[in-house]
Every structure is written in structure tokens, then in C-alpha cells.
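Quick mapping for you: the protein sequence lines, in order, are chains B and H.
Under my numbering, residue 522 is the last one in the first sequence; the count climbs by one each step, no gaps.
Under my numbering, residue 1499 is the last one in the second sequence; the count climbs by one each step, no gaps.
Note that these hints are calculated values from the structure, not bench results.
Take the hints with a grain of salt, since some may be wrong.
To give an idea of the interface, some chain H residues facing chain B are shown, with a C-beta separation under 10 Å as derived from the structure [as the list claims (entries may be wrong)]:
{"no.": "1", "residue": "GLN1132"}
{"no.": "2", "residue": "ASP1480"}
{"no.": "3", "residue": "VAL1485"}
If you want the footprint, here are the derived chain B segments under chain H, 3+ residues with CB under 8 Å [said to hold, decoys possible]:
{"no.": "4", "region": "130-137"}
{"no.": "5", "region": "140-154"}
{"no.": "6", "region": "161-170"}
Restraint ranges, calculated between C-beta atoms of paired labels, are given here [to be verified]:
{"no.": "7", "chain 1": "H", "residue 1": "LEU1226", "chain 2": "B", "residue 2": "ALA90", "range": "27 to 37 Å"}
{"no.": "8", "chain 1": "B", "residue 1": "ASP177", "chain 2": "H", "residue 2": "ARG1314", "range": "55 to 65 Å"}
{"no.": "9", "chain 1": "B", "residue 1": "GLU153", "chain 2": "H", "residue 2": "ARG1060", "range": "32 to 42 Å"}
{"no.": "10", "chain 1": "H", "residue 1": "ARG1412", "chain 2": "B", "residue 2": "GLU117", "range": "27 to 37 Å"}
{"no.": "11", "chain 1": "H", "residue 1": "LEU1151", "chain 2": "B", "residue 2": "ALA163", "range": "49 to 59 Å"}
{"no.": "12", "chain 1": "H", "residue 1": "ALA1385", "chain 2": "B", "residue 2": "ASP310", "range": "48 to 58 Å"}
{"no.": "13", "chain 1": "B", "residue 1": "ASP364", "chain 2": "H", "residue 2": "ARG1412", "range": "55 to 65 Å"}
{"no.": "14", "chain 1": "B", "residue 1": "GLU117", "chain 2": "H", "residue 2": "THR1349", "range": "47 to 57 Å"}
{"no.": "15", "chain 1": "H", "residue 1": "ALA1352", "chain 2": "B", "residue 2": "GLY41", "range": "38 to 48 Å"}
{"no.": "16", "chain 1": "H", "residue 1": "GLU1351", "chain 2": "B", "residue 2": "GLY41", "range": "25 to 35 Å"}
{"no.": "17", "chain 1": "B", "residue 1": "ALA127", "chain 2": "H", "residue 2": "GLU1439", "range": "55 to 65 Å"}
{"no.": "18", "chain 1": "H", "residue 1": "GLU1351", "chain 2": "B", "residue 2": "ASP364", "range": "25 to 35 Å"}
{"no.": "19", "chain 1": "H", "residue 1": "LEU1146", "chain 2": "B", "residue 2": "ALA161", "range": "53 to 63 Å"}
Backbone N, C-alpha and C define an ideal beta-carbon position, used for all residues, glycine too.
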Amino acid sequence: MLAAGGCRASVASSLEGEIVGAGHRLGHLLREPGRLPPPSGAERVAVAIVGGGVAGLSAAWQLARAGVRDLVVLELEDTPGGNARSSVSAVTGYPWGAHYLPLPGQAAHGVRTLLREVGVIEGVDRAGRPVYDERHLCHAPQERLFLLGRWHEGLFPAPGAGAEDRAQLERFRQEMDGYRRWRDGAGRRAFAVPRAAGAPGAFAELDRVSMADFLTARGYTSPRLRWWVEYGCRDDFGSDLAHTSAWAGVHYHAARDADPEYGDVVLTWPEGNGWLTRRLAEPVADRVRLGQLVVNVEPVAGGVAVDAYDARAERTRRIVAREVVLACPVFVAARLYRPWRERPPAFAAAFRYAPWLVANLHLDRAPTGAGGAPLAWDNVLYDSPALGYVVATHQSLRSHPGPTVLTYYRSYPGPDPAATRRALLDASWATLRDGVLRDLARPHPELAREVRRLDVMRYGHAMVRPEVGFVCGAARAAAAAALSGPVHLAHGDLSGFSLFEEAFEWGTRTAARICARLPRLT
Amino acid sequence: MSAIYVSVVVVATAGLVYELVAAAAASYLLGDSITQFSTVIGAYLFAMGVGSFLSRYVRRGVAARFVEVEIAVGLVGGWTTTVLFVAFAQTPHFRVVLYGLVGVVGVLVGLEIPLLLRLLRGRLAFSELVAQVLSLDYAGALLASLLFPLLLVPRLGLIRTSLLVGLANVAVGLWSTWIFRRELATAGYLRGLAVAALVCLGGGALAAERITTWSEERLYADEIILARTSAYQRIVLTRWTDDLRLFLNGHLQFSSRDEYRYHEALVHPAVAAHAAPRRVLVLGGGDGLAVREIVKYPAVQSVTLVDLDPEMTRLFSHNPVLIAVNGGALRDPRVRVVNADAFVWLGQTREAFDVVIVDFPDPHNFSLGKLYSRSFYRLLRARLAPGGLVSVQATSPMFARRSFWCIVETLRSAGLAARPYHVYVPSFGEWGFVLAGLEPPAAPRAYPDGLRFLTTEATPALFVFPPDMAAVPVEVNRLDNQILVQYYGAEWQRIFPSL
Ligand SMILES: Cc1cc2nc3c(=O)[nH]c(=O)nc-3n(C[C@H](O)[C@H](O)[C@H](O)COP(=O)(O)OP(=O)(O)OC[C@H]3O[C@@H](n4cnc5c(N)ncnc54)[C@H](O)[C@@H]3O)c2cc1C
């Protein structure tokens, strides 16, 4: 009678699920284009956009607004959106990637225009600041942290923190405030969103050290502070402190101001940023072609040829466009664009990518378990290799909680993304499922028995890594300047880190450039 | 010897079951099962250690002490769950009772094995004795941990389980008076004691059903005449002489003695202030009491009642006791019942209404808090026909002053002209409402005949707030801040710290 044990969670044998996303399977065909059927046909369009992610759809949205309707978007997946795509089930829409957008600052006027057009911004107040439709603002409570067996409000691991932890946090905040307030002679910030709105070259020296070294050099030794800063890097960049450039690390904290009315709240939707990509795609819905793997882009007489392999029809079709936007990751563009295929550009090797795993769990009701702060939108785990989960039904207006979907996120930081990528892409559904359930069993011991369905998405190349020397380095600048028409490169990668606003900026800016080059079409 | 071994298994099984029963009852009543299980198990194991230590002070009459311990464990352990359920309803010091009982049972259980080992010392070689007794002790623990979730709780429930295990302990005590008869001088007395304990526990086990309802009744003070668990809530109706009370999830919704004050105040200032209240919408209020007041107006052509829970509206349309309360209002031909989530329904309907009565439960949690948000009131405003008026139940301006004024301010921030008022409802205390409209609401013209509380002469006084309920500065309740839930939690927590 000395024993007092707990029981081990077991997975319901009926648990269903699968690995979703065709990306990397089809993408591998790019490596052996010789095995694909030769292109046929020669459809003509004014603009062909390769990739239907945020950058590609923003370009199309902007072109459509400018009156250019003769365009196609070629997307290899069966749903548009790229890393901001989503699904919908009988329960709710839910994200597969990007899930929120911070309130855009003044510099992000393009994003503000978009939000105004789709009704997220309802108008401006007397001070000229945007007024939001609060249904799109993340409902309270926004976030909580699982630490020491309980949930706590907020993300900073405050419980158990000592005076030294708090002092360092305060000092760190003040230092970041300094970077936030910095302006150059023209009134530009050092760290801006979109990045292009910032003062060129400001604090470029920070790009020569890692965020880990930056913190150490300034005496930020508190494990809690470092966890919190690293959490930000893992979440936004998919990299750890040692592999994040201090410039990017500071950008995370210094590029945005808390809104005087709304504070640090974010915009979010059940399907995450999939809601935004759907709005972007609406004006060009009939121009988006899905399941199209673009395998070759090359200048030909009378324009640029774009060859797309349609896996379902098992055919390769050629489109000849006057202008082409490569709205796909830089490592893909380097394989598609024939001149680059033949003479690989020097910048290509500098673009290194973090793998990610996203799992969506269907449940009959919100998870129970450890006490403390109530279920929030973003639920972060302190002692976990993953980031935690967001709740798709959080934005629902229902007053009685019912079935829900949890979206579990894990980035794979660390020194060797290639090795992790291989392991991740080789893993079976059952292995990935067990990993997810094991991690979530700590806050929610019952969860494994309550999950109805668990689907996973593996991203081999989810995010470009803002490594030391890359963010302000020559390779990135060279890639951004490499093409100026009739072929254009437009992808979030070019900013050096992955954010909706950056991808949107590259897409809309490229669209404006095309409009200037094609005056007769507009 | 084998009789003794059987006793060891029974004693061990019972010991673990007490611990599980206490932890399960605490989780059931307090929630947060991880905390309850770990603190109860920890306290219990520690108390067992204390018991084992105390066994050294038993010098003489070990056999008699062992029998007494068995009877005491059986009685205290057996009644633990019952006491816990009753204590939860009766005292604010539930945790003191919980850990007190866990401690007592733990100490007694901790005495058992050391005493038994000493009793058996002469009968076996020491090494064999320890091996036998301890291995059976652990086997008993395994048996308990399997029986408890698989058989005992599902078949018998918590109260019967602990009474039954108590019976087993006393039975071991009784049996021991024979096994150790040579060591016992007072066997007769002990047997009498054991039989009395058996009767006490057995009677309890037979009456367990009654005890469960009785303990819930204590929670509700009066006799329960109806209890249902719908998909959305626990509906409990109690009666004490002529007072009928409805509780949803344990929160009082109305008392038939004075609900007329609440419902007259909720409905009439808005309906009577409208020149032509033809289309009326009621959100929440599935009890039909607000509808009962509305159908008193011949001008009303349609009443749409939107309530989430079909079980509620069904009960209040068909149950004779409840129909007597709402006058069969839900069966009035002008009334249409829609079972839907109010926020979602409001966002989808295209209809316009002259008067809207909003009667939701208080903003206890984030889900309910949404129904008091600026977004919600803006949707509501969009559904008002020209000249439309709204009446909102707005918790107590006395006990939850900031909450009340937060609701007023939030209505105003949604572009409605709001006029707060309050009435005294004895079973609730001072209660608040807000009359609001696209235009500043007029004073009510004439009330229908037969009201028991409101008169046109007394109405203006309701809109006057004495200093202890007067407006305080508050923020607007938005979906992204849910400030009202925070105000409400803090204010009621001050008044009822046990909530
Ligand atoms: C898990 C995850 C979570 C994230 N969370 C957030 C967040 O919360 N907030 C935020 O702002 N950002 C977030 N991001 C980053 C954000 O998703 C990206 O910055 C943004 O979506 C990038 O858009 P993009 O168009 O530049 O690139 P992509 O999304 O990479 O779009 C490229 C598109 O091209 C297609 N494509 C590629 N090759 C070919 C080919 N050969 N032929 C045809 N099509 C092709 C791809 O399928 C894809 O649709 C997240 C990213 C990930 C991976």
C-alpha cells in the first residue's frame, strides 16, 4: 500500500489522420525534369505568376486592381496560399501555416489598404488611426504559457522568476525601445515592417553576430529571458538564438509599436492567414490554376515561356507571357529559371531554410487538464521543442464551446537543417502523431484519447533562415536585384525572414513595376 | 494462516480505495483533477507515515488495537465521500474537511500493517513474514487500482464505493476477533462494536441514492423537483412551499416569489416606450417569463425567442408546473422559438425588430462575455427598425458596479443611446437593466393592466442612481479585451470568495 501511480495515456485505436500536402513529392520532379513529358501548346497571357502564395496572390491582386486581367497564377498545390494556406472541415476552418498578422504600422500602408478593402479596418478615428472591426482582432485571452505544471497568462515565463530575471527583462525591453525609437535624418526607422521602409544599412553591424552572442555580450544571462527571446526566433524565423542574426533578433522586438488603442493584439481568423489569402485570391479566382508544377521558365522569341506540368492530366503545357513573376522560394526559382539552371547564381547557396511541422487535431471539445489560466488562442509550452498550439474556434462567436481544432506548431532550429529535413520527410504519420501526442500529454493527459483526427503537414523548406551575415549581406541584396524584367523575382525570402507583410510587399511592388512596364495594358 | 492473508489483501485494497475515492470526490467537486489527485495522494501517504510511526506507542493489547483500528477505518473511511459531498454544500471550509479526513484515514491505515506484522511475529520467520505481508499489500493496491475505475465507480458510484469498502474493513475487524481470539480479552465487546459499525455502514449503502440527491438538495437548499443535464447546461428546479426556483449550472435564474419584479422591469419600460411594438425579439430567456410579459400587449404581432438550449424551451413549453409559471406564453400563436446561438443567429438574420429584450446569464466566463461586447451590440443595433428599443439585463449595479456601468458604456460605444435603471428583486438584491435605442428612449406611455410591480408614476425613480451605485469610469467591453469578464470576476469574488 505504498504505491500511488498515474496511468499512461494511450492513443485511441480509431484515431484517423494522414500526411497532407503534395509540395515536396511533386517538387522533387524538379530535380529530374527530363522524366516529364515535353511541353505542348503556346497559350499567350500578359502576366504569368509562378506560385500562389502570399507574394504571388498579392501581385495578382494588385495587378487586378490596376486593371490587368490577362494573367494566370500557377500553383503546384491543390489549394492556394502557400505557407499561409488552410483547410476547412465540418467543425471549422483551420490553418496549415501562418496564423496571424500583427496590426500593421504606418509604414505598411499597402497592408492597411488591403485590410480596409476587405473590411478588417472599418475607418479611421479622429487622430487618423485605423479602427478595426473587433471580430478580426484576437479575442481575449490571447496567450498563455504552460510552465511548472500549470497555465499562466502571457508568454514571459514569469512564475518562479527571480529579481535578476525581471531586472534583465526590464533592461532588455528598454534597450529594444531604444532601437524602436531610432530614426534617421529622413525620419525612417532602423527596423521597419516592411523591411524596405527602414533606413538602408542601419545597424548592419548587428548582422555580424548571432542573437546568442548579442545577448551574452550585453550580460543577458537569465535563462527565462533567453527562453523568451529564443521563443520569438523559433516562432518567427524557425531558428534558435545561435543561428539567428542579431539584426533579425532585434527586428522582432523593435520593428513594431504597440497600438495606443488596441495594444499588442494581433489579427487572426479560424483559418489563420488563409482568410487573408482567400480575400487576395477573390478578384482573380478564375485566374488561379491549381496542381500546376512549373518546371521551366525561359526567355523565348516574343516573350517568356513558362512550362507547367499538370500531375493530374500528366501533361506539360507551355504558356508564353510578356512578363513573368517568380513568386516561389529562391531555391526553387534557381531550378526553374533556365539561365540560372545553366549557371547557378552565387547567391543561391546563401538561402538556407528551416523545416517545420504543423499538425491539426480535431476534438469534440476543448482540451482539459492542467489548471491555471483558461484556454487562450495561443497556448505555448515552456519545456517543449515545439511552440504549442493555437485554437481554431477561438474566434468563433458561439457562446457555447463545442468541437474544435488545435493547430500544433513545431519548427526545427539547430545547426543542420538539411539533416532534420531528411529525417522529417522520411518520418511516417504514426511517428509524427506519437511525437505530437507525447508533447501535448504533459498539459493535457487526456488528449490522446480524445483526439478524433490528427493530420500533419511537413515543410522541408518552410522559412528562409535569417542567419548571421545573411540578413544584411551581399547574397540577399544580389538576389533582390538579380532580375528586372521581363522576368521578376518576388518572394518573402528576399527580405531575409518570413512575414506576411514582406511577401505582400514583394508581390505588390513587383505588380507596380510590371504595370509601369506594360502601360498599354493598364 | 490463509485467513490472515485474505485479511491483508482486503485491508490493502481498502486503503488504496479510500485515497482514490477522496481524490476523485475532490476533483469532482473542485475541478482541476491533477491538483486534487496529487495533493490528496501526497497528504494521504504522509499521514500513513505518521500512522506507522505512531504504531510504536501501542505497547499492550496489540490485537485489540488492531480490531479497533479496523472498525475506525471502516467507519471514517466509509463515510468520507458522503461527508465530503455534504460539506461541499454546507460549509465554506470544504478543504479543511477534505484534508482533515484524508489525514485521519491515512493515519489509521498507516497503523494497520505495522500492527499486523507485530501480531504475526511469532507465527512465521521474520524474513518470510515481511515478504508475505508486503507482497500481499502491494497486490491489494493493484487490485484496488483496477477495481476502482473499472468496477466500483461505474457500478456503484463514489458514495456507495466508499461505504462498501468501509464494510469490508469492519468485516476484517470482526473476523479478526476470531483469528486472534487467544490474544483478546474483550472479544465480546469488540464484536458488539463491529456489528454496530456494520449496521451503520450498511444502512448508509442502502440509502446512498437518497444521500446523493440530498447532498445536491443541500446545495440548492430546497427540494429538487426536476433535474436535467442538457447538451448545454445542468437545469435544476427546486421548490419550497410556493417558491419555485430555477438554477442553470448552479446559478439562480429566478425565484417564483419575486421574478415578476425582474421580468416586469426587464420588459415593460422598453415595450411601453415604443409607439408601435409590433415585432419583438427575445435573446436568451428560454424560460418564457419575459415572453409572458410581452404577449400582454395586443399591439405585438410576433415574438421571436432565440435560446440556445432546446431542452429549456421544450420544458417551459410542456411541463405543467413550468407552464403555470410562464402562463403558457411559449405556446402563444404569436411566439416563434428558435434554438440557436444568439450571436451567430443575429449575424445571419435579415429581420428587423421594434423591441429587443436581451436576457443572458451574467458574464461569468469568456464565452458569455462575448454576448456583452461592442461587436454584439453593433450587430443588435443593425437589426433595429427605425425607433427600435433594446432592454438588457445588466447584473447588479450594487454588487458588480463596474460590470454594470461597463455594459452601459459598451452599449453607448456601439452607437446606442442608453438609459440605465435598477430595481430591487429580493432574491437577487439590487438589479440593473439598460434601456437603449437608436434615439434616446422616451418615457413609457402606459403599462398593460395587471402588473404587480411597475407603475408609470414610480418609473422615473428607477432611473435615479444613489451614490453607492452611481457611474464609475470603466472601459468598453470588446472581444479583444473581454474587460467585463475581468470586472465581473473580481467584483463577485469579493462578495463570494468561495466562487
Ligand atoms: C508554419 C508557418 C507558420 C507561419 N506563421 C506566420 C504567421 O503567423 N504570420 C506571418 O506573418 N507569417 C508566418 N509565416 C510566414 C509566412 O507564411 C510567409 O512569410 C508567407 O506566407 C510567404 O509567402 P510567399 O508567397 O513569399 O511564399 P510561399 O508561401 O512559399 O509561396 C510560394 C508558393 O509557390 C508555390 N510553388 C513553389 N514551387 C512551385 C513550382 N515549381 N510551381 C508552381 N508553384 C510553386 C508554393 O506551393 C507556394 O504556394 C509562417 C510560415 C510557416 C511555414
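Which hints, by number, does the structure contradict?
1, 6, 9, 13, 14, 15, 16, 17 and 19
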